[in-house]
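Listed below are the residues making up each chain.
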Amino acid sequence: MRVPVSWLRQYVDLPEGLSTVDLAARLTAFDLKLEEIATSGISGPLTVGRVLALVKEEQKNGKTINWCRVDVGADHNDPSVPDAPGEDVPSRGIICGAHNFVEGDLVVVSLPGTVLPSLAKFIPGGVISARKTYGHVSDGMICSTSELGLPGDASGIVVLDADSAEPGDDAIALLGLGEEVLDLEVNPDRAYALSMRGVARDAAIVFGVQFNDPADIVVETSGDAYPVRVDDTAACPVFTMREVTGFDPTRPTPAWMANRLELAGMRSISLAVDVSNYVMLELGQPNHAYDRAKLRGDIVVRRAHEGESITTLDDVVRSLDASDLLIADDGGPIGIAGVMGAAHVEIDATTTDIVIEAAYFDPPTIFRSARRHRLTSEAGKRNERGIDTTLQGCAATRVATLLAELGGGTVSPGLTSVGQATPPAQIVAAADLPARITGVEIDADTAVAALEANGCEVAIDGDELIVTPPPWRPDLTDPYDIVEEVLRVVGYDQVPSIVPTAAAGRGLTASQKLRRRAGLVLAGAGLIEVKTFPFAGPADWDRLGLDADDVRRRQVLLENPLSAEEPGMTTTLLTGLLRSLVLNVGRGHSAVHITETGRVFLPQDGAAEAPIYGVDRRPSAEELAAFEASLPHQPHHVGLVMSGERIRSGWAGPGREVSWADAIAIVRQLAEAMFVEVEVRQAQVAPWHPGRCAEIVLNETVIGHAGELHPRVLKAYGLAPRVVAAEVDLDARIAASPEVGPRPHFSTFPVAKEDLALVVDTAVVAGEVESALAGASPLIESVRLFDVYVGGQVPEGKKSLAFALRLRAPDRTLTEDDIRAAREAAVAAASTATGATLRT
Amino acid sequence: MSAPNSSYDPVEVTPLRSDEIERMRDEALAAIAAAVTLDDLAKVRIDHVGDRSPIALANREIGALQPQARKEAGQRVGQARGAINQALAAKTAEVEAAEEEKALVTEAVDVTLPWDVMPTGARHPVTTLSEHIADIFVAMGWEIAEGPEVEAEWLNFDALNLGPDHPARTMQDTFWVTPERAAMVLRTHTSPVQARTMLTRTPPIYIACPGRVFRTDELDATHSPVFHQVEGLAIDEGLSMAHLKGTLDHFAKAIYGDGMTTRFRPSYFPFTEPSAEMDLLCYVCHNEPDAVADCRTCRGEGWVEWGGCGVVNPRVLIACGIDPDRYSGFAFGIGIDRTITSRYDIADLRDLFDGDIRFTEPFGVEL
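Chains A and B, in that order, give the protein sequences. Mapping to this note's numbering: the first sequence position 49 is 49, numbers consecutive. Mapping to this note's numbering: the second sequence position 182 is 182, numbers consecutive.
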């Protein structure tokens with residue numbers, strides 16, 4: 001809401017000498033938050049001047065300029081400029097390129113030192129100075145409307161009405177260019193403050209001064225005006241109309257009104273439209289003016305019929321919904337109630353008889369229509385938030401009176417008024433509620449005074465306050481609303497500071513602690529955490545090479561995604577990580593090792609719509625469970641992507657590029673840190689390289705994959721080969737993580753070390769051999785693969801895997817027989833599981 | 001030692017003559033003195049102290065002496081051997097020290113050579129600041145609550161006094177899940193976590209909810225469709241706005257240091273009544289009279305906007321099954337991303353989310 005300070009002062013006796021900054025600060029503390037104080041920014045000696053003499057001089061470039069002598073008043077005239085025409089009279093010499101003025105005209109002169117923000121793009125700071133041009137010293141500038149930021153024709157200079165001012169007068173004051181405008185942010189509960197009337201009333205409370213209500217006008221009527229029938233009184237409790245006849249459509253809007261509208265952020269259009277807008281800004285009551293000659297029969301307020309449409313004032317054809325509330329006549333809809341009128345009944349340059357509507361509509365009905373038609377209007381903004389329910393007749397009369405006064409017409413005596421709004425409901429609040437809820441010592445008398453200042457009627461009944469809100473405060477419905485009204489009068493700065501004593505807490509949950517641990521493990525492994533957006537779409541699935549029936553293509557879609565490329569939520573962290581990798585590579589980073597921990601979104605099969613319950617009670621346990629049944633599964637995943645050197649080459653020796661094994665190693669490291677045992681198995685899953693992909697198995701469930709990415713996928717992303725990646729379900733690991741980690745039980749008896757070289761088919765994976773060995777005997781403490789050999793020493797199609805076994809017993813030193821038996825058991829187990837034979 | 005000699009030879013045994021012993025000792029000492037390396041000393045040890053050394057051989061002859069001469073000869077040999085061993089040990093220590101010295105010199109390296117062969121990891125400041133904030137509240141006895149990001153419309157809006165026609169719903173431009181009748185949204189705030197907690201627990205409740213939230217803002221230098229916030233909720237008997245102020249003041253001190261404080265300005269949120277915007281004392285100029293005018297962080301205001309807060313609207317308590325006549329509470333929320341951009345003077349919010357590794361790297365693993 002833009003509030004010109006001079007307009008505000010018309011309705012409230014603000015203290016003399018109150019600065020606009022202080023006014024704004026006090027209003028901000030009263031819940032009318034200042035966004036900014038807007039001014040024209042014009043300052044300095046902007047002066048009225050009379051053109052005494054004017055000599056036209058043709059220039060070489062073909063332009064003609066005017067070499068003028070201008071009388072700018074005794075304080076500003078400079079008699080020392082000798083060569084200008086009429087030099088004998090005290091004046092200034094000024095060059096001007098415009099031609100819409102003659103000798104004797106009153107103009108606006110910006111003397112050196114004047115600041116014109118509109119010129120800041122051309123001269124430093126927009127500061128006018130004397131300068132030499134076209135062979136003369138121009139000692140100032142004659143100003144155009146656009147240079148002064150004024151509305152109107154921008155092509156010529158401003159010529160003031162003769163005798164409207166004297167040379168030397170301050171043109172800033174004369175043209176209202178010094179006006180300061182408060183741009184206030186009005187919260188949705190304070191719709192009354194979308195008017196001068198509302199802001200002025202609050203300002204009067206703040207400063208404890210007189211409020212002069214602009215709605216305090218005499219409404220004289222006799223009989224009805226234009227006939228009206230309201231079919232839906234619930235949606236339209238109050239509907240009023242007045243009429244003006246004999247209006248002169250050629251009359252211009254007076255400058256003071258046009259100026260106020262402009263300052264308030266509305267364009268001046270025509271007198272009839274301007275008056276309507278002016279009264280809306282003044283009183284907060286939206287209203288609409290119809291050309292009486294274009295109306296057909298009685299006006300009806302009704303819901304739309306199936307298939308009806310309307311062309312609104314913004315020239316958009318809108319098909320109407322059966323729940324839209326309409327203003328209609330015999331010819332059909334003439335407006336979407338409270339939102340926007342129809343084009344065909346609009347006031348135009350020939351309108352002489354005007355019908356004015358001012359109504360009170362049910363706010364939710366207006367809100368739904370405005371949202372349905374994506375229509376925002378100044379009227380709709382007020383109607384959907386809730387206006388004063390008693391001001392309709394007054395506002396219609398005010399519009400009619402102004403139209404008649406300024407447009408030369410006559411107000412018809414009749415006022416049509418249908419219906420009456422329900423008076424605001426009483427609120428019963430404990431008298432000590434404001435003190436209890438705010439923590440400020442507020443007694444009942446203070447509360448009553450604060451509420452009465454806001455227009456409430458208050459009665460005290462024992463320990464209770466019985467509050468009747470004023471008709472312009474539909475937001476006051478609950479006892480806590482009363483508390484806020486009282487507190488804003490008492491002052492939010494009065495609230496003391498007391499640290500509450502919380503109940504004994506249980507600290508972080510196991511899941512929270514484990515996620516932190518995972519984060520530290522990943523950072524320890526040299527990975528840099530990134531945060532990417534979880535949006536993705538078919539183009540991502542295609543790049544990742546997912547099959548048409550891959551479950552990861554099933555995503556949670558959005559009604560209003562920001563980009564058509566990414567119509568929904570991602571099902572894998574790799575989409576964001578690969579985007580980030582591409583960005584990093586593009587920015588010249590060669591080694592990029594990044595990770596992200598976040599949710600992925602997996603729709604549940606056959607999930608129902610999420611329920612909507614009432615808000616008058618807690619939904620039952622079954623009702624609450626319905627939320628979980630419908631929401632997508634949203635597990636936390638950990639993803640990582642690595643490219644470039646894993647170990648950097650340098651003076652100490654050659655480095656090493658990332659390998660599929662790094663991805664798997666980090667996944668194993670994470671598992672170890674969480675005390676869960678995962679199994680790594682060979683797999684073939686997009687987007688991984690079919691021969692370099694591992695599935696990560698936890699309790700016989702696949703919880704993720706790791707390895708090198710498919711070269712085709714990298715090509716699709718424009719990446720060079722050899723990028724490795726992993727993604728695992730972190731929540732599954734967290735769920736499996738034991739409350740107590742493995743205990744440090746170990747034997748102090750000596751270890752026996754045995755090496756085994758086993759020959760297997762090349763297709764056999766080492767992990768399988770290793771798990772066979774590990775389970776072969778209770779004496780086997782650990783198994784570690786230390787060599788893989790393929791070549792002449794083993795048959796074609798075979799490879800040799802060399803394992804180091806550590807054997808130990810918990811209760812004794814192992815004998816030669818123990819060791820031999822364990823070794824033989826290991827070979828036998830590997831042989832049974834994988835066909836391994838001892839290499840000879 | 002040789003067996004006692006019963007039929008001793010009265011003749012003097014030459015090697016045991018005192019001049020002979022002295023000669024052996026002097027030769028040994030000279031050899032020790034001449035030794036330069038540990039190898040030299042090893043040879044000296046064999047030649048002059050070993051089993052075949054002259055003095056060892058001389059020692060064996062003691063048995064050949066007549067008993068009364070044995071003691072004297074034994075002492076003579078023992079003293080000589082003692083002197084030799086002592087000199088040998090001293091020289092060995094000396095040579096060892098010198099050799100170690102030499103080795104250390106040859107092993108010297110250029111310690112300024114870079115050792116950056118292993119990549120250094122780092123955690124995103126959104127993560128570490130969220131954890132830091134969680135720690136502050138956990139230290140106050142609060143707990144950390146979480147919830148889903150695709151959320152039921154009822155939990156994101158209705159339960160929080162944002163009914164279907166509430167104008168505030170247009171204030172929060174919401175991502176809706178397809179189809180609209182599915183009644184699911186990308187949560188626009190972490191407040192549904194508060195609703196979930198109230199729905200499933202009985203007061204007293206003291207929780208903080210950090211998390212990722214969504215609004216349909218186009219990405220630019222100061223807006224992001226995906227951002228992070230932390231909200232707090234306390235429900236107990238006898239809680240007032242004074243406790244809210246106390247909590248926020250403590251929170252401000254814990255993050256920005258002693259002397260920090262907050263102030264309230266009236267505002268509007270459907271889920272709180274009364275509602276307030278909270279400003280934080282400018283953490284750069286502290287609103288000090290001589291610094292505030294030129295302060296770029298608060299632009300001369302002395303205060304910076306920090307978030308929203310208020311007393312939980314009883315309508316929210318009712319929808320969540322908490323008796324508003326018995327319990328009251330307060331809630332607040334701040335932006336995590338904004339806290340990071342302002343504290344670290346980051347001009348462009350996009351830097352947090354495009355994944356350039358140079359953004360995260362300097363933050364290390366803890367804030």
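Quick caveat, the hints were computed from the structure, so don't treat them as lab data. Possibly wrong hints are sitting among the right ones.
Capping the alpha-carbon separation at 20 Å, the derived lysine to aspartate or glutamate pairs in DMTMM-like fashion look like this [what the hints assert, rightly or not]:
(1) A/Lys132 / A/Glu58
(2) A/Lys753 / A/Glu770
(3) A/Lys753 / A/Asp729
(4) B/Lys253 / A/Glu781
(5) A/Lys381 / A/Asp475
(6) A/Lys381 / B/Asp173
(7) A/Lys33 / B/Glu99
(8) A/Lys132 / A/Asp78
(9) A/Lys513 / A/Glu677
(10) A/Lys798 / A/Asp761
(11) A/Lys56 / A/Asp13
(12) A/Lys33 / B/Glu301
(13) A/Lys715 / A/Glu657
(14) B/Lys43 / B/Asp135
(15) A/Lys513 / B/Asp135
(16) A/Lys513 / B/Glu366
(17) A/Lys294 / A/Asp321
(18) A/Lys753 / A/Asp818
(19) A/Lys513 / B/Glu146
(20) A/Lys753 / A/Glu816
(21) A/Lys294 / A/Glu262
(22) A/Lys381 / A/Glu185
(23) A/Lys33 / B/Glu366
(24) A/Lys294 / A/Asp353
(25) A/Lys715 / A/Asp475
(26) A/Lys381 / B/Asp165
(27) A/Lys798 / A/Glu770
To spell it out: a stretch of chain A is covered by chain B in this simulated footprint if at least three of its residues, at any positions, have a beta carbon under 8 Å from a beta carbon of chain B; those stretches are [said to hold, decoys possible]:
(28) 501 to 512
(29) 556 to 567
(30) 634 to 648
These figures come from a predicted structure and were not determined experimentally. We treat Cβ as the ideally placed atom computed from N, Cα and C, and that holds for glycine.
Hint compliance check: list the failing hint numbers for this structure, sorted ascending. 3, 4, 7, 11, 14, 17, 21, 23, 25
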